[in-house]
Amino acid sequence: MISLYLATPTWLHRIRVSYKLLALALISLVLIPLNSLWLWGAGLVLTFVLYGTLGGEALKQLISFRPILWSLLILLVLQWWLAGWHAGVLLVLRMSTLILLANAITLTSSMDDITEVMLWLLQPLKKLGLATELIAFAMSLCIRFIPLLIAILDHLIDAWKARGGGKQYWLVIAPMIIQSLVFSQHVADAINARGGIPKQ
Amino acid sequence: MKALQFKTLDIVQIALFAAIMAALGLIPKIDITATLPITAQSMGVMLAGIIIGKRNGFFAILVFTLLMLAGLPLLAGGRGGLGLLAGGSAGFIIGYPIAAFATGWFYEKFSGLANQFATFLASVLGGIVVLYAIGIPGMILNTGMEPLAATLFMAPFIPGDLIKAVLTTIIVAAIARGLPEQFNRA
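First to last, the sequence lines map onto chains A and B.
The first sequence maps to residues 1 to 200 in my numbering.
The second sequence maps to residues 1 to 186 in my numbering.
The set of hints was computed from the structure by calculation and includes no laboratory data.
Watch out, some of these pointers could steer you wrong.
To be verified - Under the rule of at most 30 Å between Cα atoms (straight-line distance), these lysine-lysine pairs were calculated in the DSSO-like manner:
1) B:Lys-109 to A:Lys-126
2) B:Lys-109 to B:Lys-7
3) A:Lys-126 to B:Lys-7
Starting from the given sequences, assemble the full structure and let the hints guide the process.
Have a look at this one:
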């Protein structure tokens with residue numbers, strides 16, 4: 001399980017996640033109402049400069065955005081056709097700038113720190129009686145389960161191929177869910193036997 | 001609130017279904033017809049609401065969404081991170097947990113119908129109608145697109161989503177045969 005996080009520290013790693021998120025929120029609030037192509041073009045260039053200051057690894061991450069280029073292209077054409085070229089170009093500039101800026105936060109903040117901010121954002125739900133520490137527990141449990149589920153899936157797909165199965169891979173979903181539901185009872189028993197979910 | 005009291009098994013099933021969502025992102029694209037490949041992941045939203053119920057389904061997809069936004073590349077195609085919230089699909093990502101809840105809610109309402117009908121209708125209403133009702137306004141808000149353009153952009157996905165509702169129906173029927181006790185509580 002690889003997260004998108006860049007392991008080599010950069011200057012952006014040293015800034016607290018909450019400040020980075022706040023900065024992004026402010027940038028979007030101020031810039032989104034503005035419709036100047038020059039401004040958004042400059043914004044995109046500055047964003048690339050920002051990635052440049054984060055080093056080669058960050059620039060390599062930009063390549064992973066290639067699939068998005070296609071949907072941006074379709075958006076451009078649709079918007080051009082329905083609302084004119086200015087609106088089309090603006091849309092593409094604005095979206096790519098904001099997506100890349102937000103992604104820069106993901107690259108430079110550890111999952112733990114981001115999760116902490118998210119649980120803090122869920123605080124209002126606490127007033128309704130939701131134990132946010134249970135959500136945190138479910139999140140860490142889920143991270144532990146993902147490799148396991150992938151293993152179950154691999155076994156099922158192998159078995160499916162061994163029996164000469166065709167391309168209808170979705171047929172493995174039902175057995176995958178049945179196996180994991182049976183397994184969930186065992187995990188719950190094991191957690192309860194050890195005194196239940198830890199209270200924080 | 002009693003609705004927010006969780007037993008250990010609830011939490012485990014929430015975590016497990018969030019992990020199932022992640023695994024569904026890895027299933028090779030389903031080729032129903034040569035021209036219409038669909039990903040299995042959004043089927044997880046429908047499945048969650050029906051199989052573990054509206055509340056647990058909601059929290060399972062919420063956990064998945066939070067992990068994805070926190071930077072795990074869990075979305076089909078290996079995407080993840082906060083950038084998703086700036087893109088055109090932000091409304092769909094936020095709508096996922098709500099759609100799971102809605103699917104489960106409709107499924108409960110349709111308990112008088114045969115299981116297959118209830119599953120299919122709930123998947124269409126919760127997993128398509130509710131999801132698009134949140135996703136398309138989100139897209140308009142985030143991109144400033146014309147409402148018509150946003151709707152046209154999403155229209156090609158609807159046939160695939162209808163197929164997913166059919167597949168969900170088949171999968172739920174298979175699980176109900178293999179594990180009938182899971183459906184007793186509904």
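Could you tell me which of the numbered hints above are not met by this structure, giving the numbers in increasing order? Nothing - there is no hint that the structure violates, so all of them hold.
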